[in-house]
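**Student:** The chain contents come next:
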Amino acid sequence: MTRPASVRTVGFRKWAGTFMVVAVVSGAMIVSPLLEHPVQAQQGWGPPPQQPWGPPQPGAPAYAPPPVDAGRALIEGAQDARADENGTLWFFAGCLLGLIGVVIAVVAEPTPPPARMMGKSPDYLTIYTQAYRSEGKSAQLRSSLWGLGTAVVVGVVIYVILIVTILKSQPTTYAY
Amino acid sequence: MGPWALSIAVASTFVSAAIPGGPAAPAVSLSASFVLKTTDAQGTDTVSGALSFIPGGEVCVAVKTPNVQEMHLSPRELVIYYPERDLAFVAHFDPTQPPPMLDALAAGIVDPGSTLPRESKLLERKRESGNLVTRWRVVVGGAEAGEMRTVESRAGAISIELSEKSGKPQRRFTFGDRIRVGTHSVPRTIVADYFAAGGVQSREEQWSLADVNKPDPRHPAQIGCARLRPETKIQTLQW
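Protein chains in written order, with the numbering used here: chain A, 1 to 176; chain B, 1 to 239.
Derived from the structure by calculation, the hints contain no laboratory data. Take these hints with a grain of salt, some might be off.
To be verified - With a straight-line cut-off of 20 Å between C-alpha atoms, the simulated EDC-like cross-links for lysine to aspartate or glutamate are:
#, chain 1, residue 1, chain 2, residue 2
1, B, K233, A, D123
2, A, K168, A, D123
3, B, K64, A, D123
4, B, K64, B, D94
5, B, K214, B, D177
6, B, K126, B, E152
Work out the full structure: start from the sequences and follow the hints.
**Tutor:** Laid out in structure tokens, this is it:
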């Protein structure tokens, strides 16, 4: 039994359409990463060429050594600032002094102990100090805002309780 | 009063022990080579070099490894100098609030009781296994900030522990292998444990000192005192 020619044509078109869609999607999947990272377009499937040890070849671009401890300085600065922050003090500053406490938390500059900079590189020192001060300020601001928020919530609750108590204590009058 | 007030008060007094004009300012004068191992959440770092407490209350540190560096702390400024790059960082601060520097060492050299604020009260003093055990209530600005517990032998302090009012530890210094240098008994091994708020240990410092001696006042060998030259690049360190 043979199919009619019209049925065969429709089947071929379906197959060709599916093939085209698959081809376009596959092509896009291969090409789009190359557009994001053009360097990869120059690479083959084989293993990358080995970088020879020793000084760079004459004419080759010379790269500075990677900033080995930059990330560590950032992490340690932030971590030490959080550990050193006096959360209780700043919480009560915000709680008792209100906005003034928050302003003080914004203005006050936390400083790292100098002993933590012993033996560190100049780059580490700069990044560590900046990270410490930045995270320390954020941490003390957070604590003071928590204190302020707590004071506001407590104040509102006390206010509501007072209003309810006063309203309940007033004698009910009926108009006839 | 926050729990850190205790730490700050006592730490600054430890520092003032090496700075003239402080409340308890013995004329500490010594130099030594050191190895410092610091362990924290990031791992262990080892720093070695030489240090000196200079008569007049200044502290100088010459770091040899891992990076050559000279640090000089005076009552008004901190200078961190990199001789290989001829680069210096300078931080200025209020002379009444110098940052704590080498507080673990200073704590082992001076009399622990003399480091406390004047309002502090002696709670207990007793003998235990031949050592003197003392407990102080630390009072800062009229408010109780915590406690200090010390264990002392004839040679000097064996341990000092600062704790919050709630009893959670803040700092613990343990001293050993003492040597007599002039009028001071100097520990050659020091372990300093630092605790974050809530009593969780955050950092440990292990100091080992060698070649401890009192510099000749006629020929003071100032170790690593960050002598800047006119052409030295100076950066201000925000403090």
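**Student:** Tell me the hint numbers this structure goes against, listed in increasing order.
**Tutor:** 2 and 4
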